[in-house]
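Student: So the protein sequences, as listed, match chains A and B.
Per UniProt numbering, numbering through the first sequence is continuous, rising by one, with the last residue being 643.
Per UniProt numbering, numbering through the second sequence is continuous, rising by one, with the last residue being 643.
One thing to keep in mind: the hints can contain errors.
Copies of one chain are not kept apart here, so a pair can be met inside one copy or by any two copies together.
[To be verified] With a cut-off of at most 30 angstroms between alpha-carbon atoms, the simulated DSS-like pairs for lysine-lysine come out as follows:
(1) 621 <-> 278
(2) 279 <-> 155
(3) 90 <-> 180
(4) 309 <-> 621
(5) 309 <-> 609
(6) 462 <-> 138
(7) 463 <-> 109
(8) 150 <-> 279
(9) 262 <-> 609
(10) 262 <-> 309
The hints are simulated quantities; they were obtained by calculation from the structure and are not laboratory data.
Number of protein chains: 2
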Amino acid sequence: MMLQRPSADSSGPGFTPLVVVELASDTKEEAIAWLLSRIRDQQHNGGAELLVEQLGPGVEGQEKENPNMFVVGASWQRLLSGAEDVGLFKEFSDGSMRGFTCANKHNFKDFKGDGDDFLSMAECQYIIKHELDTLRAKDETHVPGYTQVKLYPGKSIIRRLQSKGILIQFFPLHEKEELKRLSFSWYKKMKLSFQPLDDIRHYYGEGQALYFGFLEYFTIALVPMALIGVPYYLFDWEDYDKYVVFAVFNLIWCTVILELWKRCSASLAYSWGTLSRKKAFEEPRPGFHGVLGFNPVTGREEPLYPNAKRQLRIYLVSLPFVLLCLYLSLYVMMIYFQMEGWALSVYDEEPTFWTGILLFIPSIIYAVVIEIMNLIYRYAAEFLTEWENHRLESSYQNHLVLKVLVFNFFNCFASLFYIAFVMQDMVLLRQVSLATLLITSQILNQFMEAFLPYWLQRRRNKKMIHKVRKRRTLEDKELPLAEQVRLEAEMSTYLGTFDDYLELFLLFGYVSLFSCVYPLAAVLVVLNNVTEVYSDAFKMCHVFKRPFSDPAANIGVWQLAFEAMSVIAVVTNFALIGMSPQVKAYFPESETQLILWTVAIEHGLLAFKFILTFLIPDVPKHIQIKLAHLEFESLEALKKKVK
Amino acid sequence: MMLQRPSADSSGPGFTPLVVVELASDTKEEAIAWLLSRIRDQQHNGGAELLVEQLGPGVEGQEKENPNMFVVGASWQRLLSGAEDVGLFKEFSDGSMRGFTCANKHNFKDFKGDGDDFLSMAECQYIIKHELDTLRAKDETHVPGYTQVKLYPGKSIIRRLQSKGILIQFFPLHEKEELKRLSFSWYKKMKLSFQPLDDIRHYYGEGQALYFGFLEYFTIALVPMALIGVPYYLFDWEDYDKYVVFAVFNLIWCTVILELWKRCSASLAYSWGTLSRKKAFEEPRPGFHGVLGFNPVTGREEPLYPNAKRQLRIYLVSLPFVLLCLYLSLYVMMIYFQMEGWALSVYDEEPTFWTGILLFIPSIIYAVVIEIMNLIYRYAAEFLTEWENHRLESSYQNHLVLKVLVFNFFNCFASLFYIAFVMQDMVLLRQVSLATLLITSQILNQFMEAFLPYWLQRRRNKKMIHKVRKRRTLEDKELPLAEQVRLEAEMSTYLGTFDDYLELFLLFGYVSLFSCVYPLAAVLVVLNNVTEVYSDAFKMCHVFKRPFSDPAANIGVWQLAFEAMSVIAVVTNFALIGMSPQVKAYFPESETQLILWTVAIEHGLLAFKFILTFLIPDVPKHIQIKLAHLEFESLEALKKKVK
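Build the full structure now, drawing on both the sequences and the hints.
Tutor: Right, here's the structure in full:
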C-alpha cells in the first residue's frame, strides 16, 4: 500500500485515514465520547486499539453539514495483528498460500522491512471493519445518553448503534491515485483485453473480482455460441426446423462451461488466498432481534429467535405471498397475449409499415412492465426476508436470492414458455417476443444501472466542486480531505453484486433456454456483456462509495442458481427438439413413439450431465496437490509438537 | 477393556496379546530378527515401541505348523500415545466428543486411574495396526536376507513385506468372554429387540456397527411398506391396475428414508466420535507399484504411476470389458425368455400340475445363473481394478464398487425392466419373474453367505479340538493361547461389508422399483433381513477372523448408490403409473396427452425430490450445535494463544 498523506491539508488527521464512520448529527456528546474511547482503548481492556479522529468542518461549514464524521485508521503493528485475527492468507516464501501470523511474518514473500506496504489498502479497510464489528460491550447496560439502546456483555457495539440509527454508515475511503490507475487499465484504454482481475481484487476485494471474472468468463464462453448463431440467423432465417443441432450444442455447452467455471474460480480463489481460508463465526446481522438468551454455540448472551416461528413466517406468509405474485405475473402475461392478439388483428386488417411497428408495441410494453414488476417485487422480497428475522447474513441472503430468483425467472420466461409449448408458435416466439424482450430489457437495465446513477452523481459532484471553488481557488484539482470524505459520504452505496449476478442469470437463461430458436440471442448477450463490463467498471469507480472487500472463495449461491438453470435448459431444449418438424419426420405414424424416445434420451442425458458434474473435479489437480501438501504439513507439525 | 490373562498357560507371552503377525514359514532368520528389532525399537529411533513375542509351538508340534507366528501387544502408555497419533475421539467430561490427547487425559470421562481400561480392545488393536502400518524404513535399501525386496527411506515396512508375500497376514485376536456376551445379546436371546449397536461397535468398530445399524434401519423402514403390501396382495391379487397409490407411496418412501438415514448415521457417528475425526493421509495400498519418485504432497519418496496411463487402462480396457459383460448378460436374458416361451407353450398344450411347476423352472435357473455370473464378474472386476493400479485404497474401492454395481444392477433388473416396459406383461412380471427371482436369490445368498462358511469352519474347529484332546485331557474347555491363535489364523478372513451392502442394495432395488407390482416384495425382504441379521451376526462371531475396526463416519459410497437407485425408482414408478389402465382411463382419446402429463409430473417430482434432499439437513440440529461449539472453542483458543 503506497498511500500518500493527503496533500498539505491541515484539517487532516495525524494518520492515514482508512474508514469513515458517520454518526447521526443529533448524537449525544456522551455517546460519542464513549464510542471514541472504546475504539481507542487498548485491546487487553476490550477496546479496538484503533486511531480515530473527528473530521474538520467542510469548506462551507453550512448548518446542513453533519459534524459527526470520523475517520478511523490504525498503526501498522495493529493492522498486522488484525490480519492474523481475520485469518488473512498471503503468499509464503515457498510460493504457497498460508494463513498470516505475526510470529513468522518474515517468511511471507512480500514482507519487507517493517511490513508497512505488506497489506493492500482494501485489506487494511477490511481489517478495520472486522475490528469495529467485533468491538463488544463489556459491562455497559446501555449506550451512554440513550437508556433505551440496551447493551449486554458481548454485544457488538457497532451493530447495535447501526440497528438503532445512531450510526448512519461506515465505509472505506477511495484512493484517488490507485483508482485513476485502475480505471485506466480497466476500461479507459480502448483496445479489447482481459480485465485486470488482480488489480480489481487489490482495490475492491475478492467478491468483486470474482464477479468480474465470471462476467468475463461467461462472455468468452458465449463467443462460440455467437459464432455459430450468426450463420444460423443469416442463412436459415425462414427455416424454423433446423435447430436440433443447435439445441444439442446448447445442452452440452451449458453443462461444460459451468463445470469449468468452478475450476477457474478455484484457481482464482487459491491465488488470492481465499480458497482455504476459514470462515470466522458469523455474528447475528444488525436487524436481528429476539429475546435475550445464551447462544448454545458460543455460550455468549445474545438475542434468540425460535426457529419454529421463523418457519411459520416463511411457510404461512412468505410462500403464499410469492405464489400470489406469481399469479399476478401470470395475469399480466395474459393481458399481454390479448394485446398481442389485438395488434395482430389490426395488422391483418391493414398491413402497413405503421401497423407493422404496432406488432412490436405489446412486447415492448410487456418488457417494461416486467422490469417494473421485478423492481417492486425486489423491494417486497427484501421487506419480507427482513421480517423473517434471519439470524445470519448468509441465511438472509439465501432466502432473498431464492425469492427473487423464482419470481424473476417466472416473470421473464413464463410468456416464452407459454408461446413455445402451449401456443407452439415458433414465429411469434422468435421474431416478436424473444428479440423484443431481450433487447428492451437490456436497454432498460443498462440505463437503470449505470447512466441514471451516473447522472445523479455527476450533478452532486459538480455542486460540490462548485461550492469548493466559491471559497478558494483550487490550484491542484485535489479536494481537501474533509471535502473528499463528505463527497464520498454522499455517493450512492454499492449494494453488492446481487443485481449484477441476477442480470447475468437472466441473460444465461435467454441463451441456454431459447437460443436454438433465436440464435442471435448469444450475439446480443455478448454485446451486452462487453458494454456491461465498461458500465459496471465505470459505476464501481465513479458512481458508488468504495465497498468493503469481501473475502469470497466462489460465487456462492449463484453457482447453484446457474446449475439449476442449466438443468432446466436441458429439459427445455429436449422439449424443443421433440417438437421440431425435423424430428417429427422420423416418426411419421406415431407421436407416442416420438415422445417416448425424446423422454428416454432426455433422461439419459440428464443422468450423463450429473455423472459429468461428478467426474470433473471442482478444483484443478495442481491446486489440490498444494492444498493437500499444506494440510499434510500441518498434520506433521501437530505430530511433532505432541512428541 | 477387561481382558483376563490367558489362563494358566505357560507358553503365553508376558503381555496381553492383541494382534497376530504371521510370516511365511520359510522367512530367513535375519529378516525376522530385523523386523522384531524394528517393532521393538524406541520411537525416537524410528521404531514402533511395541511388545512382540514368538508364539510357542502348538500341541502337536507338527512339521506342517508355521513356526513364524508372533503376537504383538503394547504397554498402556504406548497405547495412549498411539490413541493420540490416530486421532481417536473420546467423550470429554462435559459430554462432548473430543480428540484424545495425553496432555489432558484426565479430563476425559472414562479415564480412571492409569487409564488401563480407557481404550476398548478393538481400539487398541486398531492403534497397533496403525503403528505397524506406519513403521517406516530408515536407511535400509532392502529387507535383510532378501536383496530383491527393495526399501527406501519412508517406505512402510509392513506393506512391503505384505506385497512381497513375506508377511502372510496380520489380524486381531478375538476375546472369548466378550464375544460370548456380545453374541448372547445380539442373536442368542430369542425375543425381537434392537441390535446392541454400541456393543457391536465396541467389539468390531464403527464400520461394522454402521452396517448393522443400516440393516436394522432399512428393515424397520420397510415395515410400513410390508404392512401396506399384505392387504394389497390378499385382496387385489387379480386386480393389476390398483398400483398407482402404491407407486406414489413408494416414491415418497424411498426419498424420505434415505434422507433420514443420513441423520441417523450422523447421530451414531457423532456418539462414536468418528463424525469429526480427521482422516489421516492415506498411504499407497500394498499392491500399488510404479517408478520411484517424490510424492508432491508429502515430499516423501514413493512409487508414482502416471494418471494418464491409469485413465487409458480404465477407458480402453475396463470400460469395454464391462460393456462386453453387460452384452453377455443381455444375451443370457434372451435365452431365458426363449426358455420361458417354451415352458409356456408346453403348459398351454397340456396344463397339468407338473407343467404348471415347469413354468417356474426357467426363472429359477435364470436366478441361479445370475448369481453365478455375479460371482464370476466379481472376481473379474477385482482383477481389473487391481490392474488399474490405484494408489489409494479408497479410490480402488470406489472403482470396484462402481464396476460391480453397474453389472449387478443390470444383471438382476434388466429382465424385469424388459418384461415391464417392452413386453408390458404385468402377470408374467408379478407372478413368475419377480417372485421367483427374489426368493431364489435370497435362498442362494443366505446359503452362500452363512451356512457354507459355517460348515467349513465347524469341520476345521472339530479337527483342532480333536487334535488337542488327543494330547491332553481338557478339564476346562478353554484352548491354550497357542492353539487359539492357530485356530483363528485358519478361520476365513472377513472381506469387509462390501457383499453385505451389495445384497442390501439389490433388495432395496426390488422393493423400490417393483414393489407396486409385487407388493409382497417388502414382506419377503423384511423376512430376509431378519434372518440376515442373525446369519450375519453369527458369521461375524463364529466363522470369520476378527476384522480390524474401521473408523467410518458414514456408509460412504453406498449412500450415493442407494440415492442413485432411488432416482431410478422415481422414474420407474412413474413409468409404471403411466402404463396403468387406471390412469389411462383418464385420457381415453389421446395417449400423447397421457404421456406428456406423466412426464411433466415426473419432472416436477424429481425436482421436488432434489429440493427435499437439499432442505433436510444431513446432520441433526443438536449435533450441528455441538460441532459448531467445538469449532468455536478451538478458534477462540487459537486467538488466545496468539495474544
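Student: Can you give me the call for residue 621 and residue 278, within, between, both or neither, at a CA distance of at most 30 angstroms?
Tutor: both (21 angstroms within a copy, 22 angstroms between copies)
Student: Given identical chains, is residue 279 near residue 155, meaning Cα to Cα at most 30 angstroms, within a copy, between copies, both, or neither?
Tutor: within (20 angstroms within a copy, 37 angstroms between copies)
Student: How would you label the pair residue 309, residue 609 (within, between, both, or neither) given a Cα cut-off of 30 angstroms?
Tutor: Between. Shortest inter-copy distance 25 angstroms satisfies the 30 angstroms Cα cut-off; intra-copy 39 angstroms does not.
Student: Reference check for the pair residue 462 and residue 138, CA-CA at most 30 angstroms: within, between, both, or neither?
Tutor: neither (45 angstroms within a copy, 76 angstroms between copies)
Student: Is it within a copy, between copies, both, or neither that the alpha carbon of residue 309 lies no farther than 30 angstroms from that of residue 621?
Tutor: Only across copies: residue 309 and residue 621 sit 16 angstroms apart there, 45 angstroms inside one copy, limit 30 angstroms.
Student: At most 30 angstroms between CA atoms: does that hold for residue 463 and residue 109 within a copy, between copies, both, or neither?
Tutor: neither (46 angstroms within a copy, 72 angstroms between copies)
Student: Quick one: residue 262 to residue 609, C-alpha cut-off 30 angstroms, is that within a copy, between copies, both, or neither?
Tutor: Both. Shortest intra-copy (15 angstroms) and inter-copy (25 angstroms) distances satisfy the 30 angstroms Cα cut-off.
Student: Since the copies are identical, ignore which copy is meant and state whether residue 150 and residue 279 lie within 30 angstroms (CA to CA) inside a copy, between copies, both or neither.
Tutor: Intra 29 angstroms, inter 46 angstroms, cutoff 30 angstroms: intra-copy only.
Student: For residue 262 vs residue 309, is the C-alpha pair at or below 30 angstroms within one copy, between two copies, both, or neither?
Tutor: between (37 angstroms within a copy, 26 angstroms between copies)
Student: For residue 90 and residue 180, with the copy left unspecified, which applies at a CA distance of at most 30 angstroms: within, between, both, or neither?
Tutor: within (26 angstroms within a copy, 58 angstroms between copies)
When held up to the earlier numbered hints, the structure conflicts with 6 and 7 and fits the remainder.
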